[in-house]
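Visitor: Listed here are the chains, written in short residue letters.
2 protein chains.
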Amino acid sequence: MNEHQHKSALSESQSNNSSGNVSAESAQRIRDSRRNKSSEKSLLKDLLEGNKTALGRSITLVESNQLKHKEMAEAIVEGALPHAKKSIRVGITGVPGVGKSTFIESFGSYLIEQGKKVAVLAVDPSSSVSHGSILGDKTRMEKLVTQKNAFIRPSPSGDSLGGVARKTRESILLCEAAGFDVILIETVGVGQSETTVHSMTDFFLLLKLAGAGDELQGIKRGIVEMADAIVINKADGDNQKAAREARLEFKRALQLYPPKPSEWKPQVQLISALYEKGISEVWEMITEFKSSTYKNGHFEHNRQEQNKFWLFQSINDHLKSQFYNDPKVKIELEKQLRLIEENKTTAFTAARALLKLS
Amino acid sequence: MNEHQHKSALSESQSNNSSGNVSAESAQRIRDSRRNKSSEKSLLKDLLEGNKTALGRSITLVESNQLKHKEMAEAIVEGALPHAKKSIRVGITGVPGVGKSTFIESFGSYLIEQGKKVAVLAVDPSSSVSHGSILGDKTRMEKLVTQKNAFIRPSPSGDSLGGVARKTRESILLCEAAGFDVILIETVGVGQSETTVHSMTDFFLLLKLAGAGDELQGIKRGIVEMADAIVINKADGDNQKAAREARLEFKRALQLYPPKPSEWKPQVQLISALYEKGISEVWEMITEFKSSTYKNGHFEHNRQEQNKFWLFQSINDHLKSQFYNDPKVKIELEKQLRLIEENKTTAFTAARALLKLS
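Top to bottom, those sequences are chains A and B. Going by this note's numbering, the residue at position 183 of the first sequence is 183; the numbering climbs one at a time, nothing skipped. Going by this note's numbering, the residue at position 317 of the second sequence is 1317; the numbering climbs one at a time, nothing skipped.
Some hints could be false.
What the hints assert, rightly or not - No farther apart than 27 Å at their CA atoms in a straight line, the calculated lysine-lysine pairs in the DSS-like style are these:
#1 B:Lys1356 - A:Lys344
#2 A:Lys330 - B:Lys1320
#3 A:Lys70 - A:Lys308
Honestly, the hints are just simulated from the structure, not real lab data. Keep in mind it's a predicted model, so treat the numbers as computed, not measured.
Given only the sequences and the hints, what does the whole structure look like? Please build it.
Guide: Structural data, given as structure tokens:
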């Protein structure tokens, strides 16, 4: 649909036809489209110059569900793409209370001191309910937020993790095109959100707390396996002994996993985000990861695989939503689910009955 | 498509129209359909009487990819459904060499001595390549295979795990309709096959070996979490000490997992399939599981959830295969994947280009 509108404007500007049979409506559409085109162009120009206001406005377009905005967003993302390259994308997860905001505040500030430009994004599929629970309150990063070279953006809202993911993926590209070279993507770990963030980042960092008792307990299965580093926060004061024990336990746990395709051996580090201890070591580790995966080709290969994954993901999401949002399907689905509950049909017969409708 | 053919026969037999305008082709179709109907009926009758030849032939229809067979299979499965109820479905997994065949031979024979009728199926998505690597060689269960009350069937072949899964699910129903009350479903653990078998069984049993060294090593993540029991095989002779140690280690590992929705606490048992030790205890445990999950409602609820899962799974598989098998999509997909590799498009723009085609 939006492709159509797009094209008609394009072909008009290139065509030699007389416009005698252009209807009033399509003339309006062409005028709108031209206006959008020119504002797109200047927005993109500002964005590529590193203007944070332009970046923010572009992300707002990406996040919008309005058709007109979607078209503009697509054009801007496409224009930004050739310039979006040289960043490192770091995923950061950890349960609430582990100190993610404090860590990002410390880590981000350190990176800016090193001359980096740092963008902080978030993936929180629950944010449409809680109105942006993570990063929504920017004051939690009061130092970082005042920095010229920092850009902080709360999680987009969305009906589904898929929608949030798409918006975040496109926002990453826009940040990169605006010259940000470290992109931190925070997630709070609702549902599948860690897997989602893992599939859009180069380096995945699990933030943990040193605590008494069983350190392995309470970690969602699969998260440790995804981690390139486990960073144990609040390793200060009375906590230091527990933190060292936790490190040992995690190191042992990590040995149980098969080697990663990146050939990177996940590391366990101790930090104190509050006292800014161990922060530079985290960056050294990430730099080491980047250079070793650049060298063995994994870095580029992984990004391509991620892009392909997202291609298939987007298509499959679309196919499903198209099918299940069909009003006929909705009615029949309810009926078939009831028949299943009453043991009156098999899953496959029910599926066939539903597929006949589309 | 097959629905169509079905209906035309049905409406013909019920209609009052003159058949003057029935073409030769459709008359043939009607005759075929009538013939199929009568052979379906007698096959179903034999199946419901517990005839193993009829069961085997019905499963062959379920496994066939021919349209005509699919129609017959659907009718038979539908006819069998009201009679398919009272079994327990046990999934059995474990790495090659752990002694799955020997265990099934011992366990199956024991069950038959207890007056049970035992069906053994397999899910092996690699079997289309290896021509049925598990259960293909029935002689590995030489005792069981001669039993009147045992039915052994190798894995269906299929292009995809989804196809194999559908065929196995329908075969389970047919076995149950034929009066088999214990259904053992073996899988060798290729790709996602354990998850697949887990989602079609009531009780999931992980077979392990007692061995020196780190017992947790080498287990695919998520498998232990799915298990209702870990059964350590070859706990005989010199192995007994190692087996007891392995049991302790697994018990400790199982405590790390959150409680199951079934409220069942996974157990660790020692057996020697070869010397037929510990076999009756395995059955006692499964019986206990069945009665406790019947009581708390989990058993029935879980089956319904599984049916619903398979409903959505079938639909989603179909939507995807329909889309990706479109020749236009195939050509464009190759092109878009190349553009992604060259960093010339985003995953989402590529997805939009592909979705425009359908």
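Visitor: Hint by hint, say whether it matches the structure.
Guide: Hint check:
1. Between lysine 1356 of chain B and lysine 344 of chain A, the direct Cα distance comes to roughly 38 Å. Violation of the 27 Å bound is thereby established for this hinted pair.
2. Distance restraint check for lysine 330 of chain A and lysine 1320 of chain B: the Cα-Cα separation of roughly 19 Å lies within the 27 Å cut-off, and the hinted pair is therefore satisfied.
3. With a CA separation close to 22 Å, the supplied pair lysine 70 of chain A and lysine 308 of chain A stays within the 27 Å bound.
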